[in-house]
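*Asks:* The lines below spell out each chain.
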Amino acid sequence: MYRLGIDVGGTNTDAVIMQDRNVLSGVKASTTEDVTSGVLEAMEAAIAKAGVDRAKITNVMIGTTHFTNAVIERRHINPVAAIRLGLPATACLPPMVDWPDDLREAVGGHGYLVRGGYEFDGRELAALDLDEIDRIADDINAKRIGAVAITSVFGPINTKMEEEARARLQKKCPDIPVVLSSEIGRIGLLERESAAIMNASLLKLSARTVDAFANALRSAGLDCPFFITQNDGTLMGADVVKRFPVLTFASGPTNSMRGAAFLTGVRDGIVVDIGGTTTDIGSLQHGFPRQAATVVDIGGVRTNFRMPDVFSIGLGGGSLVRQKRDAVTVGPQSVGYRITKEALVFGGDTLTTTDVAVARGEASVGDASKVADLDPALLDAAREEMTRMLERAIERTRLSPDPIPVIAVGGGSILMPDRIGDLEVIRPENFAVANAVGAAIAQISGEVDRIFSLEKGLTREICLKQAEDEARDKAIKSGADAATIETIEREDVPLAYLPGNATRIHVKVVGEMGGGHA
Amino acid sequence: MLDRAQGRWRLDERMVEALEIGSGILGTGGGGNPYVGKLRVRQALREGHVMEIVPLESLPDDARVVAMGGIGAPLVSHERIKEGREGLRCVRALEERLGIKVDAIACEEIGGQNSMEPLIAAAMAGLPVVDCDGMGRAFPAMQMTSYAIYGHRSTPSVMCDPHGNVVIFDHAISELWHERMARACVVSQGGASTLASAPMSGEFLKRFAIPHSYSKAIALGNAVLAARRDHRDPVAAICESEDGKVVFRGKITDLKRHLAGGFVRGEAIIRGFESYEGDEASVHIQNEFLIFSRNGAVEVIVPDLIVILDADSGEAISTEMLRYGQRVAVLAIPCHPLLRSPEALEVVGPKGFGFDDLVFKPMSIDGEGGVS
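These protein sequences, in sequence, are chains D and B. So the first sequence is numbered by the numbering used here: it starts at -2 and just counts up by one. So the second sequence is numbered by the numbering used here: it starts at 22 and just counts up by one.
Isolated chain B, as found in the complex (with noise of 0.2 Å):
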């Protein structure tokens, strides 16, 4: 029934080269590099697999789509690359496990190499993938995307590793559970495994998931793209394309990071230059980049976007990138709607990530300063 669907079209390497360029920006320091993905990819189409998109408003109604992505660490799956079929492996069994058969995939995460996870597993399985995602961005849990926030129940899921393990969680009484339960799986398969969850209907999906999210990644990609060949600010051209605002430009002074409970949290400290001169930035992170202060007061806050760039080539850079006198741009991007109701912020919110005593407020488009 998706054959009759209206403006699908066919990814090719070019556009693989600018979603590279455009899920970094919106990974937010977090989500992992998408360059082994991209690999992979242009190796899937070089080998000859076919990557189709669907517009999301395209979807029947009764349509059975199925999101994965890959979960654990991202340093990890740089180091220990993937075996390759892990995600179709996740469809067939998740297929079997429900007697049906699945019409598309979709992306759980736009944001850093989780954006190609789910080409990859589509075009082995002979699929179709979905323009839209779950977060519009990058988070640290499986729990913080639209389709958990909204109601979706994502067990039964299946987590495949290199190995050649194929674990089945057939119930969790709370997406929480399921995040609980599914980390501590991915550490015991090496830290680097790809998850599919139960099936979404296509009217659900038309609802809560964030849409455009391949076109618009691919989008931003070959803005950046443009402007370095034109000698423009790759800054500014993300601003653009983005509605973003450059919020300080400065020198990385002090980088703290540990472990805890799985997830990197740190700090990174800014000394400002250019008209930031005296000013000091910090931003909080834990996987992400997650709070911006200035000067001690805070500015933005998850769920909106903070965005660290290479100060002069608006290269995206990664909180493992993070590096003692680096010089960098701090970017904020207003997130998706979805993300900024009151249920969505008790998941995705400052809250969320244990930051209590502070409370979101949309980060401003014009002036300096968004938060008072």
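Next comes chain D alone, as it looks inside the complex (with noise of 0.2 Å):
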């Protein structure tokens, strides 16, 4: 019985294939425009070096940082109408008011303010302004924008006046996807209506992607299950991913701090994973990846997604490397998967970190002739402003100042020195393929979330025993190895607004996949 983990990154897509903890095989492959072909090469590559059976894989797990490179590259981002019921309240911070000013425009910078939503009681802070909602539609249809993203003030205790603008808006613009934002998140106004939006921005993206994720799949002859790795480093299924791509928004960084503590046996340290685009790193503790206590940015944007403290900079191996005047700048565009044709030791015409590295003997891939004839000044200039780029983001995510290692994975590593400043760097075995290796350990997690009611003897405790117990039940009948099993989440809040005493519960567990036995 074998695993299949393959992660698609913006650059490559790798595969490892493994038997309960035994990496078979690892292959990269590089991220093709249409996703399945490079899935297909990546995932063939790495059954033929296995030498096993394709009928005896029996779980598919997938990891992509796709949809974040898209936010973060404000690339394939559609605009959206971002809607928000809530006036006469919430008017002096209109949507996208905390987003940098870039991604604002990616997204067309459509925010409409309403009449609308509820107090925090319940009550309609102001009737749904319904014939606003109309000339909001004639606008959408006017202005051709793709999706819409519908925020109420307290849309999570009472989902009722988003659904009904919902389809007030659908009457006149039904082909367009609307996303509410009490699927998304939790309350706190801002940061769900930015989650919902650019949840919004990415439905036809992720559309495109889950179903190139299936085709390759299919086409392969594997039919086994297939999950997507979301933000927890817990598996989802396909069509939830379809809907809500932002879940995935730290499944990446998860996936490498996870396979870089699996590969190495490190428990505590940095994790550097250097991609083509994006360098991501993070601090593992106890072998986990350090979560974040506050709230997490992404792409410069505030969201409350529960993800791992992980910090971003638009340095990859496939990163333009350009000379304006006097100051060389590197990123955070990247030529991405197009590395292999338009970096120059690939035979093309555009300057690239792997270049640099090349040019200075760090790293042999590609001619080497092609970027001999390159002014040393400017690669010294170059190599200069990367390493400070690391430097910077290591020390930022440093949190004492004892020598702890850092851990350089992805196929972008090569362009980490042998020591950061006075810290050492270690490359595992399979160091390239970190990413797939954690998808492959993904954790199957069970979750309990509802509205129990404290009443005849029952307490908190037995309610949250009850709920953790439930939990637990869901994630072994979903595969997880019971031993495994331990609480990430176990949170009430009392709802003051219900009669009945009643208290929300919202209790996740995970555990490892039962071996190679599920």
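Simulated from the structure, these hints should not be mistaken for laboratory data. All figures in this text were calculated on a predicted structure; none of them were measured in a lab. The C-beta atom is built at its ideal place from N, Cα and C for all residues, glycine as well. Hints should not be assumed to be uniformly reliable.
Cut-off 30 Å, straight-line C-alpha distance, at most; resulting in silico cross-link-like pairs (DSS-like, lysine-lysine) [to be verified]:
1. Lys227/B <-> Lys382/B
2. Lys227/B <-> Lys462/D
3. Lys372/B <-> Lys471/D
4. Lys471/D <-> Lys239/D
5. Lys453/D <-> Lys227/B
6. Lys169/D <-> Lys157/D
7. Lys272/B <-> Lys462/D
8. Lys277/B <-> Lys471/D
9. Lys277/B <-> Lys382/B
Here chain D is said to cover these stretches of chain B; the calculated rule only asks that three of the stretch's residues, wherever they fall, bring their Cβ under 8 Å from a Cβ of chain D [as the list claims (entries may be wrong)]:
10. 59 to 72
11. 90 to 99
12. 182 to 190
13. 331 to 345
With the Cβ distance kept under 10 Å, some of the chain B side facing chain D (calculated, not the full set) [unchecked claim]:
14. Ser79
15. Lys103
16. Glu104
17. Gln210
18. Gly211
19. Leu276
20. Arg348
Join these two chains into a complex; the hints should help.
*Replies:* As structure tokens, this is what we get:
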């Protein structure tokens, strides 16, 4: 029984075959425009290299940074009509007010404030202004905006008004997908609204991408279930990802950190994952990615997802190196998966960070003669800038002056010097496919999130225990090994506006997928 | 007459970033996250409004200063964000009711989001903000300011909501009655309103306000930012800036929260690590962190400040951000002497929060444990 882990990054698509805790094979291929052929190439090579019977592959786990890259690079982002139901409240801070200007422009900056929303106790803040929704629908059609995000004040305690607004809007805009904020996040208007808008802006890309995964697996003759890894390192079904691409935002870093810990046995250190477009830096504590205690920034936007505390910079193996008057700049634009055509060492005409590393003799890929004539001053300046970017990002993540190891993983880690400041750099075997390993060892979760009534002798403790048992059962049914299950979220929030001492209990447990025996 | 005041300074966007961090720490878990308020201040600055801070000492004795702040549940104000001109409407209604012109705005509570509200209202009204506040931290109730404790009667006061409702509390027979009526009114207005209370004289403020609140909160924020920039421990930087000390480090293993009388009450249980391995601490919450105990023995008591920070990043964690499994450092910071007098402790000491069997003892700065 084997597991196939695939990681689809901006530049490379990696695949590993694992049996229990052994990595049987790991290969890298280039990510392709259609996604499918890159996935096919990587997994066929991994299956061939491991020499296993594909009929014995019982699970396929895919991790992807596709959607995060889209936001960071401001590419493949579609315009969104951001409709907020909340006037007269909230007027002082319109939608996307705390976004970076370029991202706001990428989604079109279409913010609409409408009378509506709820008070904390469920009363209407204002009656929903349906005429205004009609006018917005006309505007959406006139401007040909392709997706809508609706956010109602206190939407998470009552979803009705968001649903009403969607129904009204779809009378005039029948084919435009609508994301409701209540489907995505919890209380905290700006963070939830931002997540809903980003999700809406990625819907087209997610539909295309998930279909491409399915096609690749089908054409390879794999008909076992496939899962996609989400932010917390656990797995979700393909249909969920299509509708909620934002839930994969931090899956890349989670996978690479868990993969790096798995491959090195290091339990405390800094993981630097250099891909083709970005570098993600996070810290491992006791073998797990350190979780962000507070809000997490994605492409400069605050969200309220629970995610590993990862800092991303626009530096990768495909990052553009440009000379502007006296200064040399690196990234954030990248040739991405087109590196094998466009980088100088591969016969292209774009100067990338990989070309700089090859020209300086720090890496040997492609044809070194193509970069032999580059100006040494330019190379030195680019190297200095790359090292400065890495050093600064690592220092930002470093939490103490203790000399902890830095684990370099990812295809772009050829850019990493052997020491960074006073820290030693470790490169594990299979370093290049750590993400795919992380995907292959992704955990199974079980979750309970519902309202309990603390009456008739039921105490908070009894209900929490009951929810935890239910979550464990769910995880075990989904294939988790009972001995490895631990609780990662355990929350109870009293609901003041409901009778019967109602408490919302949210418990999430995770466990390892039952060895190779699932 | 305030024009001649010496030492007034203008707030810029960088100071607002530092103020967000500083006031978040001084919020002692409550007072609400200042992020939304910071965005509003930034928005107002970008729209060309000027925000001026005047030193407390420079205030003429007969200056008329109105203290204001948000009232209600912080969680509500992150979700039902304000309309924007609530504070301005409060000032204008108060001026009209009293037939006066206000000279400056003061802050009720420097801890948390109430650090921001006076800046916005003052900027819109074209008035300066005095560098002081009534708590030097955050507290859950209005009568818990040094203003009220030392004799200021806060009515007539004005409460405004995002809808445009304006309520004047003409007279309350005590500060507690004012708090009760305001609390009832704020619930009917949707749980987060803005309240401005009767003017205070410059002479009164100079005696009974907690001084330098804005400059200190901004300095505290700058200390954290500098520590992060230089990779020094931000927790230590906070202790230095505020004469505080770390009393515990550990992981949150249980969290109880329930609503009672409009307040979130609860308790966080923290299991120690590092040098605190084997110890268990508890922090009692009533909107703010009130009582810190180690292995069942009480060590730090309100009004001394109890601050919970992310153990590694030093970021302040509010009561609503507390989560199972978080790694935290607990800090204790001595409160301002104005809050330690017998009459102050009646209101903001343990008795004021229903801990009748506890007697306030100032936290010890040196040794382990502050209360015998």
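*Asks:* Each hint: holds or not?
*Replies:* Hint check results:
1. Distance hint between Lys227/B and Lys382/B is fulfilled; the C-alpha atoms sit about 27 Å from each other, no more than 30 Å.
2. About 55 Å separates the Cα atoms of Lys227/B and Lys462/D, which puts this hinted pair outside 30 Å; it is violated.
3. For the hint linking Lys372/B to Lys471/D, the alpha-carbon distance of about 47 Å lies beyond 30 Å, and the restraint is violated.
4. Distance hint between Lys471/D and Lys239/D is fulfilled; the C-alpha atoms sit about 23 Å from each other, no more than 30 Å.
5. This hinted pair does not check out: Lys453/D and Lys227/B have alpha carbons roughly 56 Å apart, beyond 30 Å.
6. Note on Lys169/D and Lys157/D: the hinted pairing holds, with a Cα-Cα distance of about 19 Å set against a maximum of 30 Å.
7. Simply put, Lys272/B and Lys462/D have alpha-carbon atoms about 20 Å apart, close enough for the 30 Å limit, and the pair holds.
8. The straight-line distance between the Cα atoms of Lys277/B and Lys471/D is roughly 25 Å, inside the 30 Å bound, and the hint therefore holds.
9. Restraint check for Lys277/B and Lys382/B: satisfied, since their Cα atoms lie roughly 26 Å apart, inside the 30 Å limit.
10. Look at the stretch 59 to 72 of chain B against chain D: 3 of its residues bring a Cβ nearer than 8 Å to a Cβ of that chain, three or more, so the hint holds.
11. Interface restraint, the stretch 90 to 99 of chain B with chain D: holds (4 residues with C-beta to C-beta distance below 8 Å; minimum three).
12. Counting residues of the stretch 182 to 190 of chain B whose CB lies closer than 8 Å to any CB of chain D gives 3, so the stated coverage by that chain holds, three being the minimum.
13. Here's how the stretch 331 to 345 of chain B fares: 8 of its residues keep a CB closer than 8 Å to some CB of chain D, so the rule of at least three is met and the hint holds.
14. Given hint, Ser79/B at the interface with chain D, is violated; its Cβ is 31 Å from that chain's nearest Cβ, farther than 10 Å.
15. Checking Lys103/B against chain D: minimum C-beta separation of about 6 Å stays under 10 Å; hint holds.
16. At a threshold of 10 Å, the smallest CB-CB gap from Glu104/B to chain D is about 5 Å, leaving the interface hint in force.
17. For Gln210/B, the shortest C-beta to C-beta distance to chain D is roughly 9 Å, which falls under 10 Å, so the interface hint holds.
18. At its closest, the beta carbon of Gly211/B sits 4 Å from a beta carbon of chain D; the interface hint therefore holds under the 10 Å criterion.
19. Here the hint on Leu276/B is kept, as its CB sits about 8 Å from the closest CB of chain D, short of 10 Å.
20. Given hint, Arg348/B at the interface with chain D, holds; its Cβ is 8 Å from that chain's nearest Cβ, closer than 10 Å.
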